[in-house]
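Listed in order, the protein sequences are those of chains P and U. The opening residue of the first sequence carries number 1 in the numbering used here; numbering runs sequentially from there. The opening residue of the second sequence carries number 1 in the numbering used here; numbering runs sequentially from there.
Calculated from the structure, these hints are not laboratory results.
Heads up, the list lumps identical chains together, so a pair's fine if it works in one copy or across two of them.
Straight line, CA to CA, 30 Å or less: simulated DSSO-like cross-link-like pairs of lysine-lysine: (1) 16 x 373; (2) 323 x 208; (3) 208 x 11; (4) 327 x 208; (5) 11 x 31; (6) 294 x 360; (7) 294 x 373; (8) 16 x 208; (9) 331 x 208; (10) 11 x 112; (11) 373 x 124; (12) 361 x 124; (13) 387 x 294; (14) 387 x 373; (15) 298 x 331; (16) 85 x 124.
The structure displayed is predicted, hence computed values, not measured ones.
2 protein chains.
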Amino acid sequence: MQNFVFQNGTKIIFGKDTEQFTGQEAAAYGKKILLHYGGGSIKASGLYDAIVQSLREQNAEVFELGGVQPNPRVSLVREGVAICKEQGIDLILAVGGGSVIDSAKAIAAGAKYEGDVWDFFTGKAEVSGSVPIGVVLTIPAAGSETSNGTVITNEDGWYKRAMGHQSLRPQFAILNPVLTYTLPPYQTACGITDMMAHILERYFTNEKHVELTDRLCEAALRTIINNAHTVLAEPANYDARAEIMWAGTIAHNDLLSTGRIGDWGSHDIEHEISGIYDIAHGAGLAIIFPAWMKYVYKHDVNRFAQFANRVWDVEIDLNDLEKTALKGIEKLEQFFSSIGMPVRLAEANIGAEHFEEMAKKGTERGPLGNFVKLQEADLVQIFHLAK
Amino acid sequence: MQNFVFQNGTKIIFGKDTEQFTGQEAAAYGKKILLHYGGGSIKASGLYDAIVQSLREQNAEVFELGGVQPNPRVSLVREGVAICKEQGIDLILAVGGGSVIDSAKAIAAGAKYEGDVWDFFTGKAEVSGSVPIGVVLTIPAAGSETSNGTVITNEDGWYKRAMGHQSLRPQFAILNPVLTYTLPPYQTACGITDMMAHILERYFTNEKHVELTDRLCEAALRTIINNAHTVLAEPANYDARAEIMWAGTIAHNDLLSTGRIGDWGSHDIEHEISGIYDIAHGAGLAIIFPAWMKYVYKHDVNRFAQFANRVWDVEIDLNDLEKTALKGIEKLEQFFSSIGMPVRLAEANIGAEHFEEMAKKGTERGPLGNFVKLQEADLVQIFHLAK
Chain P
1 MQNFVFQNGT KIIFGKDTEQ FTGQEAAAYG KKILLHYGGG SIKASGLYDA
51 IVQSLREQNA EVFELGGVQP NPRVSLVREG VAICKEQGID LILAVGGGSV
101 IDSAKAIAAG AKYEGDVWDF FTGKAEVSGS VPIGVVLTIP AAGSETSNGT
151 VITNEDGWYK RAMGHQSLRP QFAILNPVLT YTLPPYQTAC GITDMMAHIL
201 ERYFTNEKHV ELTDRLCEAA LRTIINNAHT VLAEPANYDA RAEIMWAGTI
251 AHNDLLSTGR IGDWGSHDIE HEISGIYDIA HGAGLAIIFP AWMKYVYKHD
301 VNRFAQFANR VWDVEIDLND LEKTALKGIE KLEQFFSSIG MPVRLAEANI
351 GAEHFEEMAK KGTERGPLGN FVKLQEADLV QIFHLAK
Chain U
1 MQNFVFQNGT KIIFGKDTEQ FTGQEAAAYG KKILLHYGGG SIKASGLYDA
51 IVQSLREQNA EVFELGGVQP NPRVSLVREG VAICKEQGID LILAVGGGSV
101 IDSAKAIAAG AKYEGDVWDF FTGKAEVSGS VPIGVVLTIP AAGSETSNGT
151 VITNEDGWYK RAMGHQSLRP QFAILNPVLT YTLPPYQTAC GITDMMAHIL
201 ERYFTNEKHV ELTDRLCEAA LRTIINNAHT VLAEPANYDA RAEIMWAGTI
251 AHNDLLSTGR IGDWGSHDIE HEISGIYDIA HGAGLAIIFP AWMKYVYKHD
301 VNRFAQFANR VWDVEIDLND LEKTALKGIE KLEQFFSSIG MPVRLAEANI
351 GAEHFEEMAK KGTERGPLGN FVKLQEADLV QIFHLAK
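Kindly produce the complete structure, drawing on both the sequences and the hints.
Below, the structure is given as structure tokens:
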């Protein structure tokens, strides 16, 4: 087990009707609130009105910035930074899913920085502090509600880049599973894939003695797998929605990383695809993760066999561990298919035309991944496995 | 799943040589540090010197209060409160195990209160704030390093009582598994039992839809069980010590309670025993938990069968779930025996002479437990099962 520092102080307020506490939680940080959100769904559902009312009851001064798109854009982040600087915003309240929260985080960091916020994503500058962030989560997927990271897309060249800082962890996150009842099946499945991918990125490590975190990862994966078909068949099943929502947070709050170095190659590869094609992040992961696994499993057949056995109940064949390992990958791929995800690029209408370009762009700052270090040529091969 | 609020912001600094960061972490809270510890073991091991040096390097003014005993006493807590009030202590640094940390927490709360600190334990007063607490952990067991609770014994009547408050969570906790190499086997086993009991108290709940936390509990239990004999056979096995140490924290940081109400009857019953007999808390739990299980398992045979199957690999006998359930209890009892714990009161030289007295005292503020509510007569029967 490696040395580690773990601190995640985000206050989770979980359960039915919890959005009513938004104003009360926000009030601890000041009066000037920037309400940040995506499209019209929170207005149609009544959530927008409920939150504005909750904020007004605390005499908050509410500023607004809507319009966050999937794969959130740096141009909107810059608008948010300007509002924060002009108005002296005390708290950015992100109402939505990972895109909205990531956008809020980038704004939060940019508001405390003289230069351009994209500098944080190119490594030109480091975050030194942020405006506090609060969250009302509507899409369980990205885990951004308690993570320290953000992923933003720069339209100028379609670069999709990540950065993180401890100050970017939201102060509070309100999670009401009822708010996820109206998520369409495809988006629900994308979220499920994303949270599973967050766990898988951590699971495939070269660290040998990480039994507790291995087992915690397996516990979270099994729970997600066991509830996925239920939430798709019964969108208003509270208990199943609650399991998925809480698992999505645990998947990415850094507990499952303690003592180990995860891989993250598949996420980086997917960023290249969704940077160009505007495919949903979860769908991209459903395609790339099995391909990545097929490409790297020989690096540690035992770990893949353990994954097959403990997560998918594949019996361990001691005479043919490779067979056991491959069955686990097959089960994962079948599962993604069964929840309506594409598992080949062709299913997402993505051809081979940009393979070389994506492989080049993805590795221009160095090889990807930690479990196995992937060079440009490796990425091209993974894309071919994913065709 | 029940609604819940979860927040645990303790900064964990885990791994080899991490005690060197004590001064640096403490410095964030001020210069006046009350160093709180137990007996001479930290002086013999050199840990005391290393910590004092680390504090002095940050120009800290170090005050000292040693002498914490197992089942920490309110009389020493009162001494600590007086020092904090007189000297304006900025941080209480607990170096030791659960007793030292619990004592530090009581001091921290008492220092911010006009009346007598015992008032918090009788319900006469509520904690409203505390002096910040830091921890260097030497015994993985109680989980007090990130919990919000403390258990103190009042020698005047030998009452052992618990209380908790969010402000009592330590600000930081330094966990170096190497510091646990010198723990004697008996104390190691007591710690293992204590952390398992913390998980079991949470596991036995009447809440039906808590799959994620069930599985996380099972993951932590299996890890502890799988590493217990290793740390006893090889006291200096870093990886096994690390698994046990980190599991001890996870067992009691409240993550495993989310969405559910635990039982806690066995802990309360054990407090009556160790209040009178000065038996190690872990040893008391090894005796009481199996007895409690035998007394209550019919309340939810399915849950006990799940425990037997998922934690102990007992095959589920669908024609006789009760048999499956009982096998799980038997496995737990055998496990406690195998690590050198007593599983009967007689093994700890405790007779039946105080059964009625303990049952009466234990229930004088109401029935114990939540999974099954236990009255005075129930406690007597559990004591008889534990004879």
